[in-house]
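Chains as they are written, first to last, in our numbering: chain X, 1 to 148; chain Y, 1 to 148; chain B, 1 to 148; chain H, 1 to 148.
Don't read these hints as lab results, they were simulated from the structure. Bear in mind the structure is a predicted one, so any value in this text is a computation, not a measurement. Please note: incorrect hints may appear among the correct ones.
[As the list claims (entries may be wrong)] BS3-like mimics (lysine-lysine), calculated; alpha carbons at most 30 Å apart, straight line:
1) X:K111 / H:K50
2) B:K111 / Y:K50
3) H:K111 / X:K111
4) B:K13 / Y:K111
5) B:K13 / H:K13
6) Y:K111 / B:K50
7) H:K111 / B:K13
8) X:K111 / B:K111
9) H:K50 / B:K13
10) X:K50 / Y:K13
11) X:K13 / Y:K50
12) Y:K111 / H:K50
13) X:K50 / Y:K50
14) Y:K111 / Y:K13
15) B:K111 / B:K50
16) H:K50 / X:K50
Listed here are the chains, written in short residue letters.
Protein chains: 4
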Amino acid sequence: MTNQFEPRDPDFKARVTQSFAAQAIMQTIGAELVEMAPGRVEILLPYDRKLTQQDGFIHAGVSSTIMDSACGYAAFSLMPADARVLTIEFKINLLAPAAGTRFRAVGRVRKSGRSVFVAESELFAESDGNSRLVAIMSGTLMALYAHG
Amino acid sequence: MTNQFEPRDPDFKARVTQSFAAQAIMQTIGAELVEMAPGRVEILLPYDRKLTQQDGFIHAGVSSTIMDSACGYAAFSLMPADARVLTIEFKINLLAPAAGTRFRAVGRVRKSGRSVFVAESELFAESDGNSRLVAIMSGTLMALYAHG
Amino acid sequence: MTNQFEPRDPDFKARVTQSFAAQAIMQTIGAELVEMAPGRVEILLPYDRKLTQQDGFIHAGVSSTIMDSACGYAAFSLMPADARVLTIEFKINLLAPAAGTRFRAVGRVRKSGRSVFVAESELFAESDGNSRLVAIMSGTLMALYAHG
Amino acid sequence: MTNQFEPRDPDFKARVTQSFAAQAIMQTIGAELVEMAPGRVEILLPYDRKLTQQDGFIHAGVSSTIMDSACGYAAFSLMPADARVLTIEFKINLLAPAAGTRFRAVGRVRKSGRSVFVAESELFAESDGNSRLVAIMSGTLMALYAHG
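Kindly produce the complete structure, drawing on both the sequences and the hints.
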């Protein structure tokens, strides 16, 4: 279950940080990239009333937003320096309402190819020192190269 | 392929409208509920720079947000008046970058049960009078009843 | 909703037929390829007690087998003559038990790229002249080229 | 990551064994239930030429068959004695061709509710003492009760 990945780009942290900073949606919702290792990324999102669905929980689409980026940057961390990353699909299972003071999406790579990556992420709702798994995601990411 | 559903609640439009209005995330991103029929719902989202990923396209999580709500309200439109709706899972396939001036999510029910609903949604990117399919989603929704 | 695809290989029918015939599993379960058009394929499976789960219905994995091949060959029909096809993921929603005398999987392409294809399939249970939708699938297929 | 589940039915092993034995498809493909614990199940499938797709690998639908049953019986092991189990959806990501002498599907529960269960399974291809992850699945299972 441990991920033992060798990054193809030694500067992957700078590359991931820069790309994350370019995702305007992350500032809009207040999400932060808090951890990074080869093939593994964590994103943190504080609860905000403006992100909720009709019952006051974080909307599944918002959970998807940070979980998809957690998958995407876990994959991107393993890509060569000249690649761009593109999500081609993901699926999310919602295990419990996203209720808490903040939310942690943990993404990790399960398959690292030249073009095709598969990653999973888990979403934890944190509250008063407790952490509870509330969603799981699996997704496929593509590495795109300018030279085709 | 046509949906011929009988709403169990004749006032379904008021109920759907009210629930959609209670989704704070919809105001945050600027999405509007624009069409409603039994088992079918359309949501419109204008392009906004603040909703983008690193390449300037609408983030897949934002696309998911309106597509999930399109599925959810398509299902909710067929539920009895005393039911709440909960997404339990969805999967999205991204067919093309979400580039356009506005985005239309069209949700429709494929299975309508007492508790379990299955719905699909399609996302169209609109630009200069053109409309292009950019994503498809399938999801499972549950009807929850206070009396269990 | 209509698929208007131009096959890149005019001999696609021979190519699809030959590949389908090479799927030993199809003979094992008794499935037949019955319709083919560019981007669209139908597979028929008679009910057989030996394909069932614990309640006597066709097992979801068997439904997946013909629905995945329906997606795969719908995509393969649009690929150039030198491509191989590979499923990279699919998701199935089971709308009703697979009860009937035979089962028809209808696959059609939603996105046709150079490498990446997205297809959907529907499964119909047929019985006494009636046809009932019992499952839906969406999947991603890759075209692989020997020259990379 | 460890599953610590209390079975609601102390006789869950007999119940799971009996239901698995009633899945005719398992005999047809040669699959065996080899491990069982509360919320965790393993199924083993020897390679058989009759289960293959066009390139001689195990067909993705066959992989799905044992992975779905691994998810289903992992969930079923936690259900009360009077419940039936039904798959409502699953998604599979194929990480590598299913090439090997035998295949091991390991299913484990991620969420255990009264009605709704979420489980994951992994598929390992074994060959000459080596084991390689070739597919991952997530799925939703329902517990059905005769009394509604």
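Structure-based check of all given hints:
Restraint check: the Cα-Cα separation between K111 of chain X and K50 of chain H comes to about 28 Å, which is no more than 30 Å; the hinted pair holds. With a C-alpha separation of about 28 Å, the suggested pair K111 of chain B and K50 of chain Y falls inside the 30 Å cut-off, and the hint holds. Between K111 of chain H and K111 of chain X the alpha-carbon distance is near 24 Å, which keeps this suggested pair within the 30 Å criterion. For the hint linking K13 of chain B to K111 of chain Y, the alpha-carbon distance of about 34 Å lies beyond 30 Å, and the restraint is violated.
In summary, the hint linking K13 of chain B to K13 of chain H is not supported, as the alpha carbons are separated by about 49 Å, beyond the 30 Å threshold. Of the supplied pair hints, the one linking K111 of chain Y and K50 of chain B holds, its CA atoms being roughly 28 Å apart against a limit of 30 Å. Restraint check for K111 of chain H and K13 of chain B: not satisfied, since their Cα atoms lie roughly 45 Å apart, outside the 30 Å limit. Note on K111 of chain X and K111 of chain B: the hinted pairing holds, with a Cα-Cα distance of about 24 Å set against a maximum of 30 Å.
Using a Cα cut-off of 30 Å, the hinted pair K50 of chain H and K13 of chain B holds, with the two alpha carbons roughly 24 Å apart. Taking the CA atoms of K50 of chain X and K13 of chain Y, the gap is near 24 Å; set against the 30 Å cutoff, the hint holds. Taking the CA atoms of K13 of chain X and K50 of chain Y, the gap is about 24 Å. The hint holds against a cut of 30 Å. Between K111 of chain Y and K50 of chain H, the direct Cα distance comes to roughly 35 Å. Violation of the 30 Å bound is thereby established for this hinted pair.
About 14 Å separates the Cα atoms of K50 of chain X and K50 of chain Y, which keeps this hinted pair within 30 Å; it holds. As the CA atoms of K111 of chain Y and K13 of chain Y are separated by approximately 20 Å, the hinted pair is consistent with the 30 Å bound. As the CA atoms of K111 of chain B and K50 of chain B are separated by approximately 35 Å, the hinted pair breaks the 30 Å bound. For the given pair, K50 of chain H sits about 55 Å from K50 of chain X by alpha-carbon distance, which is inconsistent with the 30 Å threshold.
In this structure, the earlier hints numbered 4, 5, 7, 12, 15, 16 are contradicted, and the remaining ones agree with it.
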